[in-house]
Amino acid sequence: MNTLNLRIEKEIAIIEFDQPDSKVNVLNTDTMRELDGAIDGILGKPEIKALLIVSKKAGIFIAGADIKEIEHITSADDAREKAENGKAVLDKISNSGLVTVAVINGVCLGGGLELALACKYRVAGFSDAVKLGLPEVKLGIIPGFGGTQRLPRIAGLTRGLNMILSGEMISGRDALKCGLVDRLFPEVRLIENSVALARGILQKTIRTGRKEKKKLFLVLLEDTPFGRALLFSQARKNVLQKTKGFYPASLKALEVIRRTYGKDFKAGSRIESEAFGELAVTDVSKNLIKVFYLNEEFKKLPWIAADIKPDKINKCGILGAGVMGGGIAQLVSFYDIPSRLKDINYEALKSALKTAKGLFDYALKKRILKRHQVDYKMGLISPTTTYRGFENTGIVIEAVVEDLNIKQKVFTELSRIVPPTTVLASNTSSLPIINIAQAAEYPERAVGLHFFNPVHRMPLVEVIRSERSSDRALATTIAFARRIGKVVIVVKDVPGFLINRILLSYMNEAGFLFEEGMDIRRIDRIARGFGMPMGPVELIDEVGIDVGYKVAKILESSYGPRMRVAPILEKVKEKGLLGKKSKAGFYLHKGREKEPNPAIFGLVGPSGSGHISDETALKRMIYIMVNEAARCLEEKVADRPQTVDIGMIMGTGFPPFRAGLLRYADSVGAGNIVKDLEVFEKGLGALRFKPCNYLIDIRDKMGGFYGTV
Amino acid sequence: MGRIAIVEGVRTPFVKAWTLFEDIPAQRLGAICVRELLEMTHLDPDLADEVIFGAVAQPVEASNVARVISLYAGIPKDKRAYTVSRNCASGFESITSALEKIRCGLDEIVVSGGTESMSNIPLIFGKDITKIFTRLNRAKDLAEKIKLFSQMRPHHFKPVAGIALGLTDPVCGLNMGQTAEVLAKEFGITREEQDGFSLMSHKRAISGRMKLREEIVPVMTGRDYNIVVEDDNGPRENQTIEALSRLKPYFERHTGTVTVGNSCQVTDGACAVLVMDEEKAKAMGYEPLGYIRAYSYIGLEPHKMGLGPVYAIPGVLKKAGLKLKDMDLVEINEAFAAQVLACIKALDSKKFAEENFNTSEPVGRIDIEKLNVNGGAIALGHPVGVSGSRLVLTLLKEMKRRNARFGLASLCVGGGQGGAVILER
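Which chain is which? The protein sequence lines are A and F, in order. So that you can map any letter, position 146 of the first sequence is 146 in our numbering, and since no number is skipped, the others follow by simple counting. Heads up, our numbering is the position in the second sequence plus 709, with the first residue counted as 1.
Just to be clear, a hint being listed does not mean it is correct.
[Stated by the list, open to error] Below, computed lysine-lysine pairings styled on DSBU-like, alpha-carbon distance capped at 30 Å:
id, chain 1, residue 1, chain 2, residue 2
1, F, K854, A, K312
2, F, K989, A, K312
3, A, K290, A, K138
4, A, K215, A, K204
5, A, K309, F, K849
6, A, K300, A, K312
7, A, K377, F, K788
8, A, K357, F, K725
9, A, K312, F, K786
10, A, K214, F, K849
11, A, K370, F, K788
12, F, K854, A, K215
13, A, K215, A, K120
14, A, K550, A, K594
[Stated by the list, open to error] Chain A regions said to be covered by chain F (calculated; three or more residues, Cβ under 8 Å):
id, stretch
15, 350 to 360
16, 377 to 384
17, 388 to 397
In short, the hints are calculated from the structure, not lab data. Glycine residues also receive a C-beta, built at the ideal position from the N, C-alpha and C atoms.
Work out the full structure, taking the sequences as your base and the hints as a guide.
Written out as structure tokens, the structure reads:
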């Protein structure tokens, strides 16, 4: 009960947030109650004229509301009441008549920002740690402490909408520009300067002219009925495009703001609480919170004993400048690590540099980077056609063509050039690492480091531990992968590893569905309707049919008949259709448009009528993945269900609102899945649906992958 | 302490200005070389105490270009860097400064070199309009602004080429080409001799192309990096004496003999070399390309700047305790054919020795077969701040190929100086 500390300096009261035993401050029921009491105390002292709210945590003001409390809310009424109670405290601040100043020294999110918004003034430090945002929609809820009401009023409707609907954070400088903060002060004198500001305001020696003059187009957009209608309809379109209707929070937030902007504050606040209450109890929100925790957990998960210290990587060698190699080079240089990129000739290097530049130019356009940063980072990629310069790389990532002989050859060459301490990481998507590693001297330094395409966008890497990989090599690879912003899962060295092995069964099943006469557009629509970012057939075209077929074949030869490749895949491949890269695969691709490719009809005679219900088709595609994932757990390819879930979400875009493949399986129930699989197995006479022992065990003994459901 | 070693070196292709490299700033050209040098030698960047780079036209957006190069190349931020200019000898100066720093015990390992993007030397506004602009910025009210605007005249907006200013001597008032005309007249060097020498430079550069590749790092450029530049683009495969003789004199329309064909080209490029003490190099397991035996700079009359080598060479030979005939290979930078030919004549002239060096003994004869054997600046181009480094690199690589003992590199310097370096293996 001592998160807050109240200090009084003459006419100025300072409330210091300093949550005990924690690196951050969060707002929970106790803290809010404490805050309420503190404010009452201050209001009881007429000599106090100003109130500063400050944080004692380095780089953090208030990180938001306590997610655990939100997670445990089970009734909409409770949720609404929590929001109303919080609002009452913040309203007390905003109605206090005091000069109130939020002193933002760092991360200021969610409820933290809402508290700051309830103050009359906000000041922030110059430091890069300052981040302001209302990320509630990312957890499937909306701001509940008046954020939808105050932010658009203070920062402007356009900016406010943007921040609330996207959940993105903005920097202190941007906040100053839009009037969200009134002053930026140097870190070291933040509090002194804030006190001086408050005194100046009290003595009327400082005038706080707020933002710059509003631009004409913003006036037209925000302050005219027509402009506002346009703004809201455009925002709605954007939200729908982004969320595809699966994430109701953004739409709800938009709805609340549309109904309340410019209207009575109290009524608006109530509408906000209502909406918050409704959302807080949805499965989507509960699932997104689970994914949030999962993500936080996997950021720090040690994987390797803590006493094994990773080597610091000063330079990264990359072999192969194809799509993956080029993407990796761009990513590595984005994080300011010099890379040496080798290919056998300049053609590949050209396209790799072009791709990298394209990505950097995009970051420039989106104002993620500035021109000077792009110039610097782009220059960190050093292209070459020789091994020159690999001698002092700390890690080499091999991304050459997916062919065991070639990979072995380069590992042999490499291991003669680099010192024994250099980690050799293969970006193979399906070949066993041990087979590649054995071509190297000191095979214990070889690991798998499997990126997903497109490298800059997919947050996951699989780190593959071969039976000989050393802990040191793994620790170094994990630390490196995290340094370049990736979520790491460590998996066992089996063909296809974890993610491709699971995902391939989904793509393959789509092939069988097509062979049974289903329309490919329908197959894709069903998968997207489930929330997959791409239907399986689109995905095959995107990956490339040649690549997909190759991987599928490797898996078939490793896992036998249950992984039999759908014959259509081979037929399409033999026809020389490569997918999106050659503009023709299962679909004909014209720019962004696509239509089914007539050339694929008649390649295999339909083995069925195509009268498969949406539900059945979806179950076949999803449950076959569940079955394969269960096998992976059984074989200890993945250590636990969380690894599968984070991997599928971060590596394949499996819908986060379903909290992951195995969480979804638990929500369906292992019993139901086994039952359906058995029906498919018998009905189609297909071995691939046979529920694995682990899945049956789950049904019989545990009730769910995550234990009793 | 041993001799000062040039461990390794690399340069970009030399590319005619306003062609393939026109969108690459000097700092990037320099960084490409330094980065490649670090890769070639796999030197831990943390061991590079200092980057010293020559540059004549400092990029306006990257003053102290050496520092920018150092950071671009991935050398840690706590390392030092500074830029030197001795005009055309800046590339020499970067190396000899490194020698001095190392000898004084201030540095152990230095990355030296030169960079120049003559494509990016800006056009500038004249002084009058610059003043008006400056005052406009400071103007307090509209009336003052209007008054200043009213002072502007159309001729104010004719820009001045920075490069033309840079190539003109502010003391004697001649541009570099005109100083070459002075020498052509004084030494009676004919147009035919000059064109013949130029043709030789092109032919040697063309036949030396594969050898030159050994000192070049290919540069990928173009909007989509779709161009790979692997060779110098100055040398002309089909250069003929007829084509050369058809060119009009550029600096003196009627009586002149100096043309763009028998002058060096205006060029973009960069070069970097790794410099350290011999013992240090050996302790680190390097096999240096060669060592600096002696170096010398000297001043002379600005309008005869082209004779710089004639004055610098006797000095450096004396310091080295060697004779011109001991030199297995010689590089004299080809600012102008007339200027190189004048140097050869003067070095071999008894009269010149008597008048200038108080001795009847001429410095010596330079065997044309040992001079600029892979072509010179007339074919390859002369990125002013770089050429000194390039001469050292090209010479050392050729000395290695021939297993030569001594090599001499010298150049004339705008403003009236000469520089010379003797290298040994």
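Discussion item. Check the hint pairing K550 (chain A) with K594 (chain A) against an upper bound of 30 Å on the C-alpha distance.
Written reply: Holds, because 24 Å separates the two Cα atoms, which is no more than 30 Å.
Worksheet item: Is the Cα-Cα distance between K357 (chain A) and K725 (chain F) 30 Å or less?
Response: Distance of about 25 Å is within 30 Å: holds.
Worksheet item: Has the given pair, K854 (chain F) with K215 (chain A), been kept, meaning a C-alpha gap of at most 30 Å?
Response: 26 Å, holds
Worksheet item: Is K989 (chain F) close enough to K312 (chain A), meaning Cα to Cα at most 30 Å?
Response: 26 Å, holds
Discussion item. With the threshold set at 30 Å, check whether the alpha-carbon distance from K215 (chain A) to K204 (chain A) stays at or below it.
Written reply: Status holds; Cα separation ~28 Å.
Fill in: K290 (chain A) paired with K138 (chain A) [C-alpha distance capped at 30 Å]
With a Cα-Cα distance of about 12 Å, the restraint between K290 (chain A) and K138 (chain A) holds, given a limit of 30 Å.
Worksheet item: Going straight from one Cα to the other, do K214 (chain A) and K849 (chain F) come out at no more than 30 Å?
Response: 25 Å, holds
Worksheet item: Are the Cα atoms of K370 (chain A) and K788 (chain F) separated by 30 Å or less?
Response: 25 Å, holds
Item to complete: Mind checking the alpha carbons of K312 (chain A) and K786 (chain F) for me, to see if they're no more than 30 Å apart?
Response: Distance of about 17 Å is within 30 Å: holds.
Discussion item. Can you confirm whether chain F covers the stretch 388 to 397 of chain A, using C-beta to C-beta distances below 8 Å and requiring at least three such residues?
Written reply: holds (count 4)
Worksheet item: Has the given pair, K854 (chain F) with K312 (chain A), been kept, meaning a C-alpha gap of at most 30 Å?
Response: 58 Å, violated
Fill in: Outcome, coverage of the stretch 377 to 384 of chain A by chain F - at least 3 residues whose beta-carbon is closer than 8 Å to one in that chain
holds (count 5)
Hints 1, 5 from the earlier list are contradicted by this structure; the remaining hints agree with it.
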